[in-house]
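Visitor: Respectively, the protein sequence lines represent chains A and B.
By UniProt numbering, the letter at position 268 of the first sequence is numbered 268, and the numbering carries on one by one without gaps.
By UniProt numbering, the letter at position 113 of the second sequence is numbered 113, and the numbering carries on one by one without gaps.
Hints listed in this document are in silico derivations from the structure and should not be mistaken for laboratory results.
Be aware that a few hints might be false.
Intra- or inter-copy, both count: the list cannot distinguish identical chains.
Said to hold, decoys possible - Below, simulated PhoX-like cross-link-like pairs (lysine-lysine); rule was C-alpha separation at most 20 Å, straight line:
hint : residue 1 : residue 2
1    : Lys215    : Lys67
2    : Lys120    : Lys22
3    : Lys22     : Lys106
4    : Lys192    : Lys5
5    : Lys6      : Lys276
6    : Lys192    : Lys165
7    : Lys6      : Lys192
8    : Lys5      : Lys276
9    : Lys120    : Lys215
10   : Lys156    : Lys192
11   : Lys106    : Lys5
12   : Lys308    : Lys67
Quick caveat, the model's predicted, so the values are computed rather than measured.
Below, each chain spelled out in residue letters.
Protein chains: 2
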Amino acid sequence: MDAYKKAGVDITAGYRLVDALKELTQNDALGSFGGMFPLELGTYDEPVLVAGTDGVGTKLLVAAQAKQNAQVGVDLVAMCVNDILAQGAKPLFFLDYLGTGHLEEKKATEILRGIVAGVKEAGAVLLGGETAEMPDMYEHGRYDLAGFAVGIADKKKLLTAQNTKEGDVLLGLAANGLHSNGFSLVRDILFKQNGFSLDEVLPGCQTDLRHELLKPTRIYVKSVYPLVEAGLVHAIAHITGGGLVENVARILPDGLAAEIDLAAWQVPAIMQDLQKLGQLSFADMTQTFNLGLGLVVAVDPSMAAEVKGQLEQAGERVYQVGRVMPGSKQVKIRGEL
Amino acid sequence: MDAYKKAGVDITAGYRLVDALKELTQNDALGSFGGMFPLELGTYDEPVLVAGTDGVGTKLLVAAQAKQNAQVGVDLVAMCVNDILAQGAKPLFFLDYLGTGHLEEKKATEILRGIVAGVKEAGAVLLGGETAEMPDMYEHGRYDLAGFAVGIADKKKLLTAQNTKEGDVLLGLAANGLHSNGFSLVRDILFKQNGFSLDEVLPGCQTDLRHELLKPTRIYVKSVYPLVEAGLVHAIAHITGGGLVENVARILPDGLAAEIDLAAWQVPAIMQDLQKLGQLSFADMTQTFNLGLGLVVAVDPSMAAEVKGQLEQAGERVYQVGRVMPGSKQVKIRGEL
Numbered sequence: 001m002d003a004y005k006k007a008g009v010d011i012t013a014g015y016r017l018v019d020a021l022k023e024l025t026q027n028d029a030l031g032s033f034g035g036m037f038p039l040e041l042g043t044y045d046e047p048v049l050v051a052g053t054d055g056v057g058t059k060l061l062v063a064a065q066a067k068q069n070a071q072v073g074v075d076l077v078a079m080c081v082n083d084i085l086a087q088g089a090k091p092l093f094f095l096d097y098l099g100t101g102h103l104e105e106k107k108a109t110e111i112l113r114g115i116v117a118g119v120k121e122a123g124a125v126l127l128g129g130e131t132a133e134m135p136d137m138y139e140h141g142r143y144d145l146a147g148f149a150v151g152i153a154d155k156k157k158l159l160t161a162q163n164t165k166e167g168d169v170l171l172g173l174a175a176n177g178l179h180s181n182g183f184s185l186v187r188d189i190l191f192k193q194n195g196f197s198l199d200e201v202l203p204g205c206q207t208d209l210r211h212e213l214l215k216p217t218r219i220y221v222k223s224v225y226p227l228v229e230a231g232l233v234h235a236i237a238h239i240t241g242g243g244l245v246e247n248v249a250r251i252l253p254d255g256l257a258a259e260i261d262l263a264a265w266q267v268p269a270i271m272q273d274l275q276k277l278g279q280l281s282f283a284d285m286t287q288t289f290n291l292g293l294g295l296v297v298a299v300d301p302s303m304a305a306e307v308k309g310q311l312e313q314a315g316e317r318v319y320q321v322g323r324v325m326p327g328s329k330q331v332k333i334r335g336e337l
Numbered sequence: 001m002d003a004y005k006k007a008g009v010d011i012t013a014g015y016r017l018v019d020a021l022k023e024l025t026q027n028d029a030l031g032s033f034g035g036m037f038p039l040e041l042g043t044y045d046e047p048v049l050v051a052g053t054d055g056v057g058t059k060l061l062v063a064a065q066a067k068q069n070a071q072v073g074v075d076l077v078a079m080c081v082n083d084i085l086a087q088g089a090k091p092l093f094f095l096d097y098l099g100t101g102h103l104e105e106k107k108a109t110e111i112l113r114g115i116v117a118g119v120k121e122a123g124a125v126l127l128g129g130e131t132a133e134m135p136d137m138y139e140h141g142r143y144d145l146a147g148f149a150v151g152i153a154d155k156k157k158l159l160t161a162q163n164t165k166e167g168d169v170l171l172g173l174a175a176n177g178l179h180s181n182g183f184s185l186v187r188d189i190l191f192k193q194n195g196f197s198l199d200e201v202l203p204g205c206q207t208d209l210r211h212e213l214l215k216p217t218r219i220y221v222k223s224v225y226p227l228v229e230a231g232l233v234h235a236i237a238h239i240t241g242g243g244l245v246e247n248v249a250r251i252l253p254d255g256l257a258a259e260i261d262l263a264a265w266q267v268p269a270i271m272q273d274l275q276k277l278g279q280l281s282f283a284d285m286t287q288t289f290n291l292g293l294g295l296v297v298a299v300d301p302s303m304a305a306e307v308k309g310q311l312e313q314a315g316e317r318v319y320q321v322g323r324v325m326p327g328s329k330q331v332k333i334r335g336e337l
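Isolated chain A, as found in the complex (with noise of 0.2 Å):
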């Protein structure tokens, strides 16, 4: 294998960083031509599967740029079961695709560990993956990362904008920072209109950028599933690309609108200042960022409170931030920002 080594591409870094992933999961079946997932099905009537793909954006560029890539394999994880959670689904089982111009053994092992701990958090498996190693195909020290997470739900108990009703409350869960949304808008403002380093402070912030920025988005997986299984929510709009606009608007059927009030939450400081740096408009800043809210969950009144007191004590902080009235699907947000 002497001419592909030359070529670029080392075979043999790829089977060593599977033992290394075998290491990490307990999972001896990976490395097989595809991994495996017994199904259970006693509980379920009408079983459907929910599966999701996604990635990290550009946030991708900071954690390599910070030499931080445990972090973004969170991120993977997150965006893809959040996403499963959002239909009403048990996030089953993941995998990862990561693409490397030049596979480094120790980076890919540090996204990996990520990955492996965002998986677990979420109740899930690690199924399998690719890594693929691409001279040419990406600069040096890049990479690209793809998740795939599978779930399964009852037909009945699947969360579609149909389920959601006139008078609910909207719960607004706390976002654990950016997430994974906007970082080509982030690192314009920060990094090439301002030039600020990952090591500075920004106002109102607790830690420095390098910090700020890779916080991990959040998996509300084990707080949040527990209610779906049990009735609790109407409708879950997880709050990524397209910020809270978009993705509220896609929990409401024709005939309904939201209403949401800024002043119910205290918008993160890293985005007030991002607004600041960049001029954000209004429009700029609701479509493009959570605004602090992960999760945004349609709920009956009458269960509001008990809802929002399961989610705490599973240790969410919950806002009410909203209701759902009629109206032709818009979001108005209320308040200034």
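Based on the hints, put chain B in the right spot on chain A.
Guide: Below, chain B without anything else, positioned relative to chain A:
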């Protein structure tokens, strides 16, 4: 959303792409938080999900150079569903991830057209996908693809190395060219070492390099899965990264070895040309390329003629290429290259 667009992310272009995809697939549910797949379980005693992820490797760089992007969409699906098939599972659904620096809608639609065609060829469903526009992440015109397939099998019909028996006949199913492996080496030899252009026709090849290199990976599901379902095959090796040697080794249990006779079929001209041009060793050749066989199937000798006949009727070119015998997992390739 002006600020985000100025930072290099055109979120409306992404929305338009989802619309194009809905039209291509006639699946209106695309674009929701995750794709849903109803499970029909009547026929399974112990259903097992089998999932796999893969990419296309640096064949993507050839596609970009040739401005032909539909074939690699087929490759992406093929790499994943053939892996699922190799485990004895029937592919159910597929998701794709497309990462790029700047979203070119025409190119992305072309890629997705290939993916849709591949998924259809595999008898599966395109359940969702992610198109990530990441400024500064990829060089101009570059993109990466990751695919993810999920299939189902009854536990007792899963194909593992343990099914392979002493005396089994190895049938080789013709590949459609290089498929999606070894392309870093291929590009190194053809373009870096020898300065060929895509318009040149190598000795023995029927078409120029543009067409020869970009032939899409063959999807074997429709011809091979019926035989798996009927219990007519013991094990399947999908010949991908690691070539004929490494992949056939994966279907050998402890105590058995394989012997393959190169005289049983014609190694494609393009691979012979690459060997000469790159002065590749026998090990380089057998551990990198498929040598013309996309799938190697182990069958009971009493069923070999029957299986070969059925595969040929289903449109495959099939060669009896070797045997399984006592040994310690070696794959001996007899003959000369």
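Visitor: All hints, please: hold or fail.
Guide: Structure-based check of all given hints:
no.: 1; hint: Lys215 / Lys67; verdict: within (14 Å within a copy, 39 Å between copies)
no.: 2; hint: Lys120 / Lys22; verdict: within (14 Å within a copy, 34 Å between copies)
no.: 3; hint: Lys22 / Lys106; verdict: within (15 Å within a copy, 41 Å between copies)
no.: 4; hint: Lys192 / Lys5; verdict: between (37 Å within a copy, 15 Å between copies)
no.: 5; hint: Lys6 / Lys276; verdict: between (50 Å within a copy, 17 Å between copies)
no.: 6; hint: Lys192 / Lys165; verdict: neither (44 Å within a copy, 62 Å between copies)
no.: 7; hint: Lys6 / Lys192; verdict: between (37 Å within a copy, 12 Å between copies)
no.: 8; hint: Lys5 / Lys276; verdict: between (50 Å within a copy, 18 Å between copies)
no.: 9; hint: Lys120 / Lys215; verdict: within (18 Å within a copy, 40 Å between copies)
no.: 10; hint: Lys156 / Lys192; verdict: neither (49 Å within a copy, 58 Å between copies)
no.: 11; hint: Lys106 / Lys5; verdict: within (19 Å within a copy, 35 Å between copies)
no.: 12; hint: Lys308 / Lys67; verdict: neither (38 Å within a copy, 54 Å between copies)
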